[in-house]
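Turn these sequences into a full structure, and let the hints guide you.
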Amino acid sequence: MTIQAGQTMKPMQQRIAVVVVALLVHVATAIGNEPESRFDNEVAPLLVQRCLSCHNTSKKEGGLNLSRAADAMAGGESGLVIEPGKPQDSLLWQRVDADEMPPKEHLSSSEKELLRKWITDGAKWGSDPIDPFGYSTKDRGGYDWWSLQPVKNPAVPTVVDGMWPRNEIDHFILAKLESQQLAPSGSADGRTLLRRLYFDLIGLPPILKEENGKLKEELFDIEIDLAAFERQPEVYAAVVDRLLEPPHYGERWARHWLDVIRFGESQGFERNRIRENAWRYRDWVIDALNRDLPYDEFVRQQIAGDVLYPNDLDALLATGFLVCGTWDQVGHNEGSSEMR
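No gaps in the numbering here: position 181 of the sequence shown is 181 in our numbering, and each next residue is one more.
Everything labelled a hint here was simulated from the structure, so no lab data went into it.
Think of the CB as a built atom: it goes at the ideal place given N, C-alpha and C, for glycine as much as any other residue.
There may be inaccurate statements among the hints.
[What the hints assert, rightly or not] Simulated crosslink set (SDA-like; lysine to any residue; CA at most 25 Å straight-line):
| # | residue 1 | residue 2 |
| --- | --- | --- |
| 1 | Lys86 | Asp71 |
| 2 | Lys124 | Gly142 |
| 3 | Lys152 | Gly141 |
| 4 | Lys124 | Leu114 |
| 5 | Lys59 | Glu83 |
| 6 | Lys209 | Pro233 |
| 7 | Lys138 | Val240 |
| 8 | Lys124 | Gln49 |
| 9 | Lys209 | Arg231 |
| 10 | Lys60 | Leu107 |
| 11 | Lys176 | Val156 |
| 12 | Lys152 | Asn167 |
| 13 | Lys152 | Pro165 |
| 14 | Lys124 | Ile82 |
| 15 | Lys117 | Pro45 |
| 16 | Lys216 | Gly203 |
| 17 | Lys216 | Ser187 |
| 18 | Lys124 | Arg95 |
| 19 | Lys138 | Lys86 |
| 20 | Lys152 | Lys124 |
| 21 | Lys216 | Val240 |
| 22 | Lys86 | Ser110 |
| 23 | Lys104 | Arg68 |
| 24 | Lys59 | Gln49 |
| 25 | Lys216 | Leu204 |
| 26 | Lys59 | Asp144 |
[What the hints assert, rightly or not] Quick list of simulated restraints, FRET-style, between CB atoms:
| # | residue 1 | residue 2 | range |
| --- | --- | --- | --- |
| 27 | Cys54 | Glu113 | 16 to 24 Å |
| 28 | His106 | Pro205 | 53 to 61 Å |
| 29 | Val260 | Asp121 | 28 to 36 Å |
| 30 | His106 | Glu276 | 54 to 62 Å |
| 31 | Asp161 | Glu276 | 53 to 61 Å |
| 32 | Arg271 | Leu197 | 42 to 50 Å |
| 33 | Arg280 | Leu148 | 25 to 33 Å |
| 34 | Cys54 | Ser127 | 17 to 25 Å |
| 35 | Leu313 | Val151 | 28 to 36 Å |
| 36 | Ala70 | Asp121 | 14 to 22 Å |
| 37 | Lys86 | Asn41 | 21 to 29 Å |
| 38 | Pro150 | Arg280 | 28 to 36 Å |
| 39 | Asn167 | Arg280 | 48 to 56 Å |
Dropping the structure here:
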């Protein structure tokens with residue numbers, strides 16, 4: 001397509017030209033960034049996991065630092081270790097290929113091939129310096145660890161029995177069952193549902209009694225129509241709301257959190273000194289659950305509530321988390337005086 005002097009491009013021609021230019025820029029960028037991207041995604045993790053524990057900025061065994069491009073290319077006490085484009089002349093490759101490095105756990109065949117190909121292709125570097133915490137190792141998690149990744153909504157799986165699921169969670173359950181050639185159990189009756197609900201929310205079974213042909217739950221003085229409870233979501237929701245009114249929900253579920261963090265109302269060990277104010281943190285956890293404090297804020301206040309909200313006594317109580325565990329005071333200074 002040639003545009004003569006004085007001519008203007010038609011709208012369709014303009015669109016085509018823009019698309020072509022964009023594609024060319026995208027391809028050129030991808031080609032230009034490919035070696036660096038491969039280094040960050042493949043080579044850097046290998047160096048972190050297998051090499052940097054001995055060859056880093058602070059610990060340069062043999063005078064070699066492989067965490068920075070300039071230092072890696074400068075080599076160490078034995079001279080140059082990387083000859084870009086020439087793996088056979090690169091001391092790094094020679095030592096790795098001969099299983100001399102790493103000294104204890106040698107590289108696998110695929111890891112060796114990755115390193116050899118990287119040197120063959122010019123030993124192009126990516127992010128410089130390599131962030132050792134950017135990648136997980138067998139001993140610790142890095143920024144790429146699964147629990148540190150942003151939360152994403154997974155795609156809802158398709159199922160054979162499209163009539164069974166009532167919500168998206170059901171799709172995941174049924175998909176797993178179907179993958180194992182299993183079928184879901186039948187629907188629970190109203191009495192079973194009620195019992196499960198009580199155990200789940202407050203940890204106690206319902207106390208049911210029939211009066212004048214009607215069923216009554218005595219713990220919370222609730223009159224229950226089991227048929228409606230089983231079939232009508234609004235009736236089920238009303239019972240849930242009633243169970244959440246008193247503090248029993250927080251008392252039940254706070255126990256799980258307090259067990260995980262090893263909460264104690266005494267120091268433990270030989271002296272086992274009583275912590276007279278430990279209950280304040282315990283009650284904060286119960287109250288936080290009962291008022292549905294978002295989990296991120298729940299954690300944030302326990303770690304640094306006094307710093308984030310210095311004028312908020314409630315946030316200060318949350319930091320009892322930091323000193324609520326057992327402390328061995330034998331032969332040591334007072335450990336958790338704040339809890340007293």
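Do the hints match the structure? See the list:
no.	hint	verdict
1	Lys86 <-> Asp71	18 Å, holds
2	Lys124 <-> Gly142	23 Å, holds
3	Lys152 <-> Gly141	20 Å, holds
4	Lys124 <-> Leu114	13 Å, holds
5	Lys59 <-> Glu83	23 Å, holds
6	Lys209 <-> Pro233	23 Å, holds
7	Lys138 <-> Val240	45 Å, violated
8	Lys124 <-> Gln49	19 Å, holds
9	Lys209 <-> Arg231	21 Å, holds
10	Lys60 <-> Leu107	20 Å, holds
11	Lys176 <-> Val156	12 Å, holds
12	Lys152 <-> Asn167	18 Å, holds
13	Lys152 <-> Pro165	22 Å, holds
14	Lys124 <-> Ile82	11 Å, holds
15	Lys117 <-> Pro45	15 Å, holds
16	Lys216 <-> Gly203	19 Å, holds
17	Lys216 <-> Ser187	23 Å, holds
18	Lys124 <-> Arg95	20 Å, holds
19	Lys138 <-> Lys86	31 Å, violated
20	Lys152 <-> Lys124	33 Å, violated
21	Lys216 <-> Val240	15 Å, holds
22	Lys86 <-> Ser110	19 Å, holds
23	Lys104 <-> Arg68	24 Å, holds
24	Lys59 <-> Gln49	15 Å, holds
25	Lys216 <-> Leu204	16 Å, holds
26	Lys59 <-> Asp144	24 Å, holds
27	Cys54 <-> Glu113: 16 to 24 Å	22 Å, holds
28	His106 <-> Pro205: 53 to 61 Å	59 Å, holds
29	Val260 <-> Asp121: 28 to 36 Å	48 Å, violated
30	His106 <-> Glu276: 54 to 62 Å	58 Å, holds
31	Asp161 <-> Glu276: 53 to 61 Å	58 Å, holds
32	Arg271 <-> Leu197: 42 to 50 Å	44 Å, holds
33	Arg280 <-> Leu148: 25 to 33 Å	32 Å, holds
34	Cys54 <-> Ser127: 17 to 25 Å	21 Å, holds
35	Leu313 <-> Val151: 28 to 36 Å	32 Å, holds
36	Ala70 <-> Asp121: 14 to 22 Å	19 Å, holds
37	Lys86 <-> Asn41: 21 to 29 Å	24 Å, holds
38	Pro150 <-> Arg280: 28 to 36 Å	35 Å, holds
39	Asn167 <-> Arg280: 48 to 56 Å	39 Å, violated
In summary, the structure is inconsistent with hints 7, 19, 20, 29 and 39 from the numbered list given earlier, while agreeing with the others.
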